[in-house]
Amino acid sequence: MKLFGLILLIASFLVGCSKEQNFDERVIYLISPEKIAGFDPINASDMYSSNEMGKVYEGLFEFHPLKRPYELMPNLAEAMPTVGDDGLTYTVKIKKGVFFQESPAFKGVKRELKAEDFVYSIKRLADPKLMSKGWWTLDDKLVGLNEWRAKYAQAEATNYADEIEGLKKVDDYTIQFKLKAPFPQFLYALAMPYSFVVAKEVVDFYGKEFLNFPVGTGAFVLPKFEQTNRLVYTKNPNFREKFYPSEGEDSDIANGLLADAGKKIPLVDKIVVDIIVEAQPKWLGFKRAKNDLLEVPKDNFQEVIVGTRELTDDFKSKGIRLHAEAQLDVTFISLNNQNDLFKDNKKLRQAISLAYNRAQANKLFYNDTAIEAQGVIPPGIAGYRKEFKNPYTKYDLVLAKKLLKEAGYPEGKGLPDLVVETRNDTSSRQILEQFADNMKDIGIKVIVGQNTWPELVNKVTTKRNMMYTMAWGADYPDAENFLGLLYCPNQSPGSNGANYCNPEFDKLYKQAVVLQDSPERTALYEKINEMVALEVPWVFSFNRTKYYVTQAWLKNYKFMEFNHTQFQYLNVDLEVKKQLSKKF
Amino acid sequence: MTRYILRRLIYTIPVLLGVSLIIFILFNLVSGDPTALLLGKNATAKQMVELREQLGLNKSLWLQYLDVVKSAFTFDFGRSWQSKQEIMHMVKMGAYPSLALSIPAFTISTILSILISLVVAFYRGKGIDLFIRILCIAGMSISSLVYILVFQWYFGYYLGWFEISGFEQGFPNFVPYVALPAIIWIVLSLGPDVRFFRTIILDEIYQDYVRTARAKGLGEKTILLKHVLRNAMIPIITYVVIQIPFLILGALLLESFFGIPGLGGMTLNALNSSDFPVVKAMAILSSVAYILFGLLTDILYTVADPRVKLK
Chain A
90 MKLFGLILLI ASFLVGCSKE QNFDERVIYL ISPEKIAGFD PINASDMYSS
140 NEMGKVYEGL FEFHPLKRPY ELMPNLAEAM PTVGDDGLTY TVKIKKGVFF
190 QESPAFKGVK RELKAEDFVY SIKRLADPKL MSKGWWTLDD KLVGLNEWRA
240 KYAQAEATNY ADEIEGLKKV DDYTIQFKLK APFPQFLYAL AMPYSFVVAK
290 EVVDFYGKEF LNFPVGTGAF VLPKFEQTNR LVYTKNPNFR EKFYPSEGED
340 SDIANGLLAD AGKKIPLVDK IVVDIIVEAQ PKWLGFKRAK NDLLEVPKDN
390 FQEVIVGTRE LTDDFKSKGI RLHAEAQLDV TFISLNNQND LFKDNKKLRQ
440 AISLAYNRAQ ANKLFYNDTA IEAQGVIPPG IAGYRKEFKN PYTKYDLVLA
490 KKLLKEAGYP EGKGLPDLVV ETRNDTSSRQ ILEQFADNMK DIGIKVIVGQ
540 NTWPELVNKV TTKRNMMYTM AWGADYPDAE NFLGLLYCPN QSPGSNGANY
590 CNPEFDKLYK QAVVLQDSPE RTALYEKINE MVALEVPWVF SFNRTKYYVT
640 QAWLKNYKFM EFNHTQFQYL NVDLEVKKQL SKKF
Chain B
6 MTRYILRRLI YTIPVLLGVS LIIFILFNLV SGDPTALLLG KNATAKQMVE
56 LREQLGLNKS LWLQYLDVVK SAFTFDFGRS WQSKQEIMHM VKMGAYPSLA
106 LSIPAFTIST ILSILISLVV AFYRGKGIDL FIRILCIAGM SISSLVYILV
156 FQWYFGYYLG WFEISGFEQG FPNFVPYVAL PAIIWIVLSL GPDVRFFRTI
206 ILDEIYQDYV RTARAKGLGE KTILLKHVLR NAMIPIITYV VIQIPFLILG
256 ALLLESFFGI PGLGGMTLNA LNSSDFPVVK AMAILSSVAY ILFGLLTDIL
306 YTVADPRVKL K
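Chains as they are written, first to last, in our numbering: chain A, 90 to 673; chain B, 6 to 316.
Each hint should be verified, as a subset may be incorrect.
Stated by the list, open to error - The list that follows gives simulated cross-link-like pairs (lysine to any residue, SDA-like), each with its CA atoms no further than 25 Å apart:
no.	chain 1	residue 1	chain 2	residue 2
1	A	Lys599	A	Pro468
2	A	Lys671	B	Trp158
3	A	Lys359	A	Ala348
4	A	Lys124	B	Lys221
5	B	Lys51	A	Pro468
6	A	Lys218	B	Asp310
7	B	Lys64	A	Glu245
8	A	Lys552	B	Thr49
What the hints assert, rightly or not - Computed, partial: chain A to chain B, Cβ under 10 Å:
no.	residue
9	Pro217
10	Gly233
11	Asp293
12	Asn318
13	Arg319
14	Ile364
15	Pro480
16	Gly538
17	Trp542
18	Val546
Said to hold, decoys possible - Taking CB as the label site, the calculated pair distances span:
no.	chain 1	residue 1	chain 2	residue 2	range
19	A	Asp135	B	Asn63	26 to 34 Å
20	B	Leu14	A	Ala525	22 to 30 Å
21	A	Asn248	B	Ala294	28 to 36 Å
Derived by calculation from the structure, the hints in this document are not laboratory data.
Here the structure is a predicted model, which is why all the values come from computation and not from measurement.
We put the CB at the ideal spot given by N, CA and C, even for glycine.
Input sequences plus hints: build the corresponding full structure.
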C-alpha cells in the first residue's frame, strides 16, 4: 500500500507539469530552429542569429516590413543617403536623440548614439583580429578600408583611431562613405546585421564577453545572453519615437496589416524565443498554442494544407492563418566545370539536366509547391523573367539521349560513374537517390556520396568533387548576389563552387553590377541569366516556397525574407487569444 | 590504498597524452581545413589564409599537438571557433541541464531496476518472472526514437500533462521540462538494466552461502535483501558507476527532442561544424571523468566487500 501511495504521489506531482497560458501581457512566442552563437553583430552570419540580433541592435537602414518588392527605408538614418555626383560618395545623416540601452559600461549616464559609433562598428567589421563572417560585404568597397585591415593583419593590436578616407564622421550626426568604385548594393550592406551599431564603451567594458551582453538601440532588451534554449526579450522602455508604417501593398489593408498604422512601436511587452531543433516538438507546440508563428514542417504539410494554399477546416476553426511565399533562393546540383568530363562538354551537362524529372522531385520532396528553377536568378528579383523557359530544364529523355550520344557517350557508354556529393541527412539523400534513378534512364550511373557538412564544404572549396548539391538564399534582393556564384574570380574556395568560367559572362557581369537599379540593368541581368541558363553550369532544381502558420492573435505578420527587424512591428490581440485558447 | 589511488592518478598522464594524440590525429586526418566552414558561404581564399594563421593552423604539427597537450593538462580550452564562447563556460552551462535530466532519471531507473530484479529473482521461473522478462525484451526491441515520439505526442500533446519541450534554469523551474524526458529515460533503461541485474542476482542465489542461510532458517526476503544484494553489489557498482561519466554528456536524442540545452547537443554541433577546441575539450573531459569514476568504482568495492584490498 505504501508503495502504491508513493507512486500516486509522484504521479500527481508530475501530472500537471504543463504551464498555463499568460493573458496579462502581450507576449510573442517564437521558435528558432538553430542555436544562437552570441550577440556580436559582426558574426550574425545566419538568418537565425540575425533575427535575434535585430531585436536588440539596429542599423542605418532596414527593409520596409510591408512593401514588396523589398524596399530599403531609413532606420537609424534620418533619411536615405545623398549620393555625390561621382556616384561614389554617400552621406548619411543619423537621427538625433537616439540612446543606447542602459548598461553598466555607461556608468549611469544616458548614452546618445553618434556618427562615430557607426565608424567604430564598421571598423570592427573590418578588424582582422575579429575575423568577422561579414567582411565580404565591405571587402574592397570603401577607400582605405582594405589597407587599414592589411596594416593590422600581423600587428599585436588594431588601432581604431586611424582615419580612413572612405569611412568618416563629418559631425556628430553625419557619416560619409566613399566607395572605390560604383557598387549600388552598398546600401544593402548597411541594412545587414553585420553593420548594426554597437558602442565602444560596451565592447571595451565586456571584452571577449561582449557577445553575451547585447546593448543596442533596438526595441527590445536582453540583459544577458545565457546560452540556454530560451531567450526572453523585454520592451525597451527608452526606445525612441518610432511608428508603425502607414503604407504598404494594396492587399495589406484588407489583411489588417495597416490597423496599427501610426502607432508607436514596439507593440508587445515581451518576446520569448525557444530554440527547438526537431520538427515534432515545434509542431506539437504550435498545435497547443505554445508558439505563435511556425514554418510548416514538410511532414505535416498534408495535415495543414489542402491543395497548395488552403488551410484544413480544423486549423481554420482556430483562426490560424497560412502564409505561403516564394523564397528568394535557388537549389541546384552543381557540376564541377573544371572537371575534364564537364569542362568542354556542354552537351553532357545539358543531357543530364534534361533527364532530371523535376515534376517528380517536386511532388516527392516539396509537396508540389516549389517552382522549377529556369536559371540562376529566382522569382522576385529583378533579372528573373517569368516568360523565360529554359529548354534544358524540361523532362525530355529522347533529347537527353540524343545529346548524350553527341557528347560522346551513346547510352552512357564510356562515361565513368558520376559521384554527386551531399550532406548526410535523409532529405538530401532522398533527393539525390531520385536524381540517380532518373539518370539510369539515359544510361548514366550516379553514386550518391554522403558527407558531414565539414567534409562537403572541404570537397567544394578544394574542388575535389564531380558534382554536389546546394541551395543559395539571397543575402539581399539583388541579382548580383546570385550571378556572383558563377563569376570566374569567385571560383573555389570562393562562392563559385561550380568553378564555372566564361569570359563573356564575366564581362557582362562586371558591366551590370556597377549600374544603379534601372530598366537597363534589369535587361542586362535578364540577358546574363538566360545566357548562362543555356550553358547549364548547374542542374537547376527549384525555387522553393515557404509555408508559415500564425495563430489568430498574432497581428501584423507578413512574410519577409530579410526579417531581422520585423518583430518590433508585430502585435498580439489578447482578447482573441483568451477566447481561442480554449480551443487548443 | 593511498598509494593505489596515487598510482591510478599518475596513470591519468599517459592516458591524457594518448587521448590528445588520437583526437589530434583524427582532427587532422578527417576534418580537413575548417576555415571555409567557419567563415561561411561568402568566404574568400584570402580570408581563409588569414583565419588559418589566426587559429594557429599554419604552425608545425608538432607545435599544434603541444597546444592540445597543454590544454589537456591545464583544462584551458580557450574559446569555441564557431560561437567564440569560452569553452569551460559552455561546458558549465550545458552540464547543468544535462545533469538536471540525467541524475534523477538515472537514479530512479537504477533503484527501480534493482527492485524489480529482486522481485523477479524472488519469483524466478514463475509467471511474473516470465512476464517481466518478455516485457524487458519487448521494450528493448523498440527504438528509443519511437518512445520519444510517442510519449511526447501522447503525454505532452494529447493529454497535455507535461511540457512538450523547452528548459528553464534553476530548481524547480526545470522540473516541468525534464519530467517527461526523465520518464522516457527510465522506461528505456528498465529493459537492459533489469535483465542485467536479474542475471547477477540469480548468479548469487545459487551460491553456497545462500544455501547455508536457508539451512539456518533465514527467510527468503532477508536472504535476498541482506546477503544476496550485498554480494551482488560489486558487479552492480561496476555497471552503475562506469555509466556516470556518460551522464554528463547527456542524452543526445532526448535533449534534442525536448529542447534541453545540454552537452550532448553541444558536442554534436561541434562535430558538425569542425569546432575542434570544443571536440577536444569534450573528449578530454570525458576521459578524465572516466578515469576518476573508474577509481571511484575500485574504492567502492572496498566498501561493498571488506575482503577487497586495493594494492
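How the hints compare with the structure:
| no. | hint | in the structure |
| --- | --- | --- |
| 1 | A:Lys599 with A:Pro468 | holds, 22 Å |
| 2 | A:Lys671 with B:Trp158 | holds, 19 Å |
| 3 | A:Lys359 with A:Ala348 | holds, 20 Å |
| 4 | A:Lys124 with B:Lys221 | violated, 64 Å |
| 5 | B:Lys51 with A:Pro468 | violated, 33 Å |
| 6 | A:Lys218 with B:Asp310 | violated, 59 Å |
| 7 | B:Lys64 with A:Glu245 | holds, 18 Å |
| 8 | A:Lys552 with B:Thr49 | holds, 14 Å |
| 9 | Pro217 | holds, 6 Å |
| 10 | Gly233 | violated, 18 Å |
| 11 | Asp293 | violated, 17 Å |
| 12 | Asn318 | holds, 4 Å |
| 13 | Arg319 | holds, 6 Å |
| 14 | Ile364 | holds, 7 Å |
| 15 | Pro480 | violated, 30 Å |
| 16 | Gly538 | violated, 15 Å |
| 17 | Trp542 | holds, 5 Å |
| 18 | Val546 | holds, 5 Å |
| 19 | A:Asp135 with B:Asn63: 26 to 34 Å | holds, 27 Å |
| 20 | B:Leu14 with A:Ala525: 22 to 30 Å | violated, 55 Å |
| 21 | A:Asn248 with B:Ala294: 28 to 36 Å | violated, 45 Å |
In this structure, the earlier hints numbered 4, 5, 6, 10, 11, 15, 16, 20, 21 are contradicted, and the remaining ones agree with it.
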